[in-house]
Every structure is written in structure tokens, then in C-alpha cells.
Amino acid sequence: MQELDIAGMGSVRVTRKGNNVVILEKDLQTEQMVLAMGPQHPSTHGVLKLECLTDGEVVTHAEPYLGYLHRCFEKCCENVDYPAIVPYTDRLDYLAGMNSEFAYAITVEKLLDVEIPRRVEFIRVIVAELNRIASHLVAIGTYGIDLGAFTPFLFCFRDREIILSLLEWASGARMLYNYIWVGGLAYDVPADFSKRVMEFVTYFRPKTVELYKLLTENEIFVKRTRGIGIMPADVAINYGWSGPMLRGSGVKWDLRRNDPYSVYPELDFEVPVPDGKVSDIGDCLSRHLVRALEMDESLKIIEQCIDKMPSAEGFNARSAVPKRVRPKAGEVYGRAENPRGELGFYIQSDGKSTKPLRCKARSSCFVNLSAMKDLSKGQLIPDLVAIIGSIDIVLGEVDR
Amino acid sequence: MEEGHVLSHSVQQSAAAYAIIHDKFGDAVTAFDANETMPFFEVLDTAVWPEIALFMRDNPKLKFNYMACLSGVDYQSEDKVGIVCNLESLGQLNHKIAVKVKCARTGGSIPSVAGVWHTANWHEREAYDLFGMLFSSHPDMRRILCPDDWEGHPLLKDYKVQESYHGIKVPY
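Note that the protein sequences, when read in sequence, are chains X and U. Count along the first sequence starting at 1, add 241, and that's the number in the working numbering. Count along the second sequence starting at 1, add 20, and that's the number in the working numbering.
Treat the hints with caution; some may be incorrect.
To be verified - Cβ-Cβ distance ranges computed for the label pairs, FRET-style:
hint : chain 1 : residue 1 : chain 2 : residue 2 : range
1    : X       : H302      : U       : G111      : 27 to 33 Å
2    : X       : K569      : U       : D99       : 22 to 28 Å
3    : U       : P167      : X       : D548      : 48 to 54 Å
4    : U       : L64       : X       : P623      : 50 to 56 Å
Said to hold, decoys possible - Okay, the calculated bits of chain U under chain X, using three or more residues with CB under 8 Å as the criterion:
hint : region
5    : 35 to 44
6    : 104 to 113
7    : 128 to 139
8    : 167 to 177
FYI, nobody ran anything at the bench for these hints, they're computed from the structure. C-beta atoms are modelled at their ideal positions from N, C-alpha and C, and glycine is treated no differently.
Turn these sequences into a full structure, and let the hints guide you.
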């Protein structure tokens, strides 16, 4: 007598009589197992713990546990001056520091009466879009690794290194920049920066095609991601999804277009949304696809910014930076389109202090991850890995 | 509001949305604060907050289908804690408004709106974790960022950190 698992019949108890298998009992209740994924598991992209209740290979329930990287960002903010918060924002989404700084700077500027020089605006957009490409390269590369594709990861990190060198040249740091300040920038970009950025754009454009062929059209990759973890558009909105996650569900929503800030209204770019031809709308492949296509759009934006940027003559990157940042009394909710979605800051100022009364970071990863419980129900364990990878979380931003 | 002051288009939209809510709920909400950076109103009768939330989400003239943010706030001078919700009609009517709800600083509770917007689920857990107000009828009212056995609620203005946690010295 032995127990076998025959597809479609649940667990059965069988016995063998000669050459025949006789089923004694079927639909046996198997034992449920608690499986802890993380906090030290590479597929959870940092220190996320997923407590999965599994029935065989099927996940019946997954409960995310966060907070392993909680560094009291919001408490720290209440104890330092407004400009001193900028380095902290770098450490939220550490793969896209420029974008986080950008979101914070425009939020505080809403409470201040400062006019930002045009060249500053263009430089901000250039570095933010460069950082967006770098961030998407990590997302795509590590997603490949999650699903067993090693080569794209190396290609992605090779190209990302070029961007990080450019940003290091401008700001002095590879990842934690402290470059975009409230009211301006730390420094102007180096003299030949535009030229080098254009060289990168020319170099990188064929690489996106190569990456597309290597990973996005790869049959094994498509089989692992297509039709997995489907999120309908209305549920995605109700969950507060934003960025590539929301666009993956077919909602054409990009804050750069729909709630424009800085010089984005002057720029010409598309908002890629899956059309359902190569992927099922709302699945893991759609979300990956949006990221892959967005890199091309970022290249377009960078090119236009370099064309339109005013010259450096008589330019001072700190001309509009206030000596002492003391915003008027009031509250503001400001936000920007980050590689992972909407990064918002809610800031409360009493009008007297140089420190905020309250500074809350609305993290895109935190909100996107909250749908994990629903998305994981009834999935296979390997598909769970595909789903977490497609959410593209950075735990620095989830836990703050 | 000052006489002769011209409101921007987005604040006018918020004011129009507020008028519909005020017509329906009357004295349960305060007057509209039409500031440029974050126009808001406050819910005075906290018990009707879920009803207001559902009305805001489902009324065809409001359609606030997207909760951008829910932040806990400590109003120490008023001896209250509260939440600020930034709501938006995403892809539908494209207007925004903020709603404030306050409760007593110690032992206070606010009805949960996690059933209206899923976003509120984790955000309310975070607000409870950091400020200590409870959200009644929340499906899963646990701490989220701090450990379950952490003492106190760190974002309160008068928070004192505990001396030790499981034998580990906390303040350094």
C-alpha cells in the first residue's frame, strides 16, 4: 500500500494487485505546511518575510511581514532641518535616489515661494530619467535571475554601471547622491556632461533591443510570467497601485503626464501600456514589459532635455537655494513618478520652525506590496517568486 | 477665504466635490478649507466616516476611487491624534481632496475604511503602529513596522523610547 499524488485527483491511497493499481481512497486531506520565505531569501529582494501556508506546491495563504529595515525615517525628519532630509530620502528607494530627492524637493518647494532656474529643472529631469533607467535595469536583471536567466543580469549591470559613473561624475556618489536640493542643485553638471550623456544614449539604444530579444521574448521567460498573477485594473486602483504596476494592468496613468511637474509638460514621450498582444493584461509579463518599454521613453526624454537645456553661462546651481528653509504654515501633499510608482510626501509646517512638524513618505512599494496577500492565493510556489519579482520592491522604501 | 482671491482650477474642483458631500452629510463635516497646497475638510462625527468614504467612492459625481495616501498625525496641542487621507478620482473625474479625521489621543479610535479602499488596510496598520489610535472593525489590526511587543508609539511627540528590548539596550 502506498500514497501517490495523481494529477487532478488530490492525494489518493492505492494498492497494487498484479499489474493493476487499485484506488482505495481519493481526495485525501494532505498536511498543510508553513513555509517561511525570507527574511534572508534572495528572491524576496531584501529583507521581506513571507509566511506561506502551502498545500503541496500550492500556496493557500501568504502573509508578508515587514519592518526588518525600518529606520524611523519619519521620526528623523521631525528632528532635522528641511534641507537635511534630502540625504535621508536617498535611502528610501536606494536604487533611485535622484527620483526620491526630486519628489521631496518639489514637495517642499510647493510651500516656498521660489522660482527654480530653468537649467536646474532640465538637469533634474536628466538625472532623474538616467536614474530611472538604472533602476529599471536592476529590476529587469534581477527579475531574470529570479526566473533562472543569468545572462541578462550581467548585461543590465554592465550598462547600469555606466549610468552610475555618470551620476557619480555629477554628484560625487554612486547611489546616495544628495544632489537635488530644495530650491536647486548641489552643483552644476560637469562641462562635458551633456556630451557623455548623449554618448550613452547612442550606446544604450541598441542595447534595449538586445535586452528585449534576450529576455522579454525568451520562451522560457514568457512561459514563467504570462498569465501569472493577473491584477484587474479596478482592483489595482482600489489597492492604490501606481507606476509600472498600474500601467501593467492597462491603466494609462503616469504622474509625469497626468499630474505634471517640473518641465515634463514640454517634453514629448509616450506612456507605454500593454496592448494584450504579447502578454495578458495585468500579468507579470505586462509589468515587466512596461519597464522594458519605459527605458526607451526615458532615453527620448533625456535627448530632448539636452537639446532644450539653457547654457551654463552665468548659471549658479544654488542661486535659488534658500539660506534657511522656513516654509509658510500649512500642509502639502506632493508626489512624483518614481521608477516604482508614486512617491509622495505629506509635509506639515507650522510656519515658524525650520523643521517639519510631520513628514510622511508615501511609499510606492509599500502600497504595491500590500496586494501580495490577494495575488498569491492559489499560486504555485515558483509562481510566487515570479510575482514578487514583478512587483519590484525595494525594502528600503517599504520599511522606511 | 479672502475676498477677491481667485482659486485655482483644481481647488475649484475640490470645492465642487466638497459641496456634494456637504449637501448629503451636513453638520457631520466641517467647512471646506480652500488652501492652494492641500484643500481639505474634516469629519467631525467620526462614526459616519466609513459612510462618507463609501459615498465618496461610489457617487457618480465624486468617484474618489484612489486613496493616494493616509498619514497619521499627532495634534498634541488639541490632545488628539488623527489621520489625513489624500483622495483622488484616478482616470475618472481627476479631482482631489483631503479628508481629516481626529480622535482622542489616548484610547481613541476611528472607524476603518479598509473595506472601501484596500490601500487603507496597511496604512491604518501603520498609523496604529506609530500613533496608537485604533481602527475599529479593521480586518487585521496589528503592528506593521515595529515588532509586535514594542512599547509605545514612536511618532507621538512625547514618545520616550524603551530602555531595553529583549535584553538589548535601545537608546544609544
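Structure-based check of all given hints:
| no. | hint | result |
| --- | --- | --- |
| 1 | H302/X to G111/U: 27 to 33 Å | holds, 32 Å |
| 2 | K569/X to D99/U: 22 to 28 Å | holds, 26 Å |
| 3 | P167/U to D548/X: 48 to 54 Å | holds, 52 Å |
| 4 | L64/U to P623/X: 50 to 56 Å | holds, 52 Å |
| 5 | 35 to 44 | violated (count 0) |
| 6 | 104 to 113 | holds (count 4) |
| 7 | 128 to 139 | holds (count 3) |
| 8 | 167 to 177 | holds (count 3) |
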